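Same order as they appear, the protein sequences are chains A and B. Using my numbering, you'd call the opening residue of the first sequence number 1 and step up by one each time. Using my numbering, you'd call the opening residue of the second sequence number 1 and step up by one each time.
Hints should not be assumed to be uniformly reliable.
With a straight-line cut-off of 16 Å between C-alpha atoms, the simulated EDC-like cross-links for lysine to aspartate or glutamate are [claimed, not checked]:
1) A/LYS11 x B/ASP8
2) B/LYS165 x B/GLU97
3) A/LYS11 x B/ASP6
4) B/LYS168 x B/GLU98
Quick caveat, the hints were computed from the structure, so don't treat them as lab data. Here the structure is a predicted model, which means the values were calculated and not measured.
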Amino acid sequence: MADPRLSSRLKEVRTAAGLTQVELATLAGVSRKTINTVENGVFVPSTILALSLARALGTTVEGLFWLTD
Amino acid sequence: MTEPRDPDAEYQALIRAEHDRQRRNLIASASLATGLPGVMLSFGSVLAGAAEGVWFWIAIGCGVFSVALLAVSILLLGRYEPSSDTLRLARATPWFEEIQRGRTTWLLYVFIMIFGFLPMSMGAAWDVVAGEGHGFRAINAVVCLLMVSMPVMVLLGRDGSITPKMRKYLDDEHTRDIRKRAMSSGFVVLMLGATAVYLFGLWRQELAVVMILPVIVLAAFVAALRFALLERAAERGDG
Numbered sequence: 001m002a003d004p005r006l007s008s009r010l011k012e013v014r015t016a017a018g019l020t021q022v023e024l025a026t027l028a029g030v031s032r033k034t035i036n037t038v039e040n041g042v043f044v045p046s047t048i049l050a051l052s053l054a055r056a057l058g059t060t061v062e063g064l065f066w067l068t069d
Numbered sequence: 001m002t003e004p005r006d007p008d009a010e011y012q013a014l015i016r017a018e019h020d021r022q023r024r025n026l027i028a029s030a031s032l033a034t035g036l037p038g039v040m041l042s043f044g045s046v047l048a049g050a051a052e053g054v055w056f057w058i059a060i061g062c063g064v065f066s067v068a069l070l071a072v073s074i075l076l077l078g079r080y081e082p083s084s085d086t087l088r089l090a091r092a093t094p095w096f097e098e099i100q101r102g103r104t105t106w107l108l109y110v111f112i113m114i115f116g117f118l119p120m121s122m123g124a125a126w127d128v129v130a131g132e133g134h135g136f137r138a139i140n141a142v143v144c145l146l147m148v149s150m151p152v153m154v155l156l157g158r159d160g161s162i163t164p165k166m167r168k169y170l171d172d173e174h175t176r177d178i179r180k181r182a183m184s185s186g187f188v189v190l191m192l193g194a195t196a197v198y199l200f201g202l203w204r205q206e207l208a209v210v211m212i213l214p215v216i217v218l219a220a221f222v223a224a225l226r227f228a229l230l231e232r233a234a235e236r237g238d239g
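Using the sequences and the hints given, assemble the complete structure.
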């Protein structure tokens, strides 16, 4: 479910890495829909998924997500 | 100067086109499944002289409505074939997403059949409750219940067709999230329906027993429909 407190730069980082949603989904071991909804802010990922995404993109969780004050 | 190519946007445009096509197919199939027996029953009862007075006009009205439904289905079935967009989408889609899309579509189609069997099962249940249903009638009374268990198992991801390798993708955390939301909707319908049937049953016990069946079917249908809608919205990125 969406949470307005969470901001994400997943799409920018993924695009900069030259990956499509399908490619990132395969790397992170989830479906493309999950990537799609996380990027659009309609789904808040679990800690496990956030860590998997960060690892797949070679960055940290803080590099992908942060709390909006 | 041309815009840079965005493969994700192109993919989502193909998904939207495919969803439109599937929606047309579902409406066409539901119209056909309702219209055909509607025409036969309504005009059949008029021709057989079984409908008199106000029932004659009700049968005529139902017949005309059924003919309109058949016309809708014929119009939409003319566009039933997969388009070139469908084929492009199939080529670009990972195998596990194609399977999940098929399962979600099946969840909706199977309810056309279940709703078709529902009146038969309710009639049989009424006979059983009245003490007249034996053998085949008793089996008919539970057919709908057995049928509705199939989409419920698929909805829960417990239908046995998901291998451990597929589960990683077909049962990932977003799918589990929308499954919870879909089951919550079904539970609300089930509680409201069960409450209504209980209150009704205080005065008409026999009828209340029969009415439990459509409540169960409706609750399962609402859960399946919500799951399908959330799944499709997620494919487009807005669910």
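Now the hints, each set against the structure:
{"no.": "1", "hint": "A/LYS11 x B/ASP8", "in the structure": "holds (11 Å)"}
{"no.": "2", "hint": "B/LYS165 x B/GLU97", "in the structure": "holds (13 Å)"}
{"no.": "3", "hint": "A/LYS11 x B/ASP6", "in the structure": "holds (12 Å)"}
{"no.": "4", "hint": "B/LYS168 x B/GLU98", "in the structure": "holds (15 Å)"}
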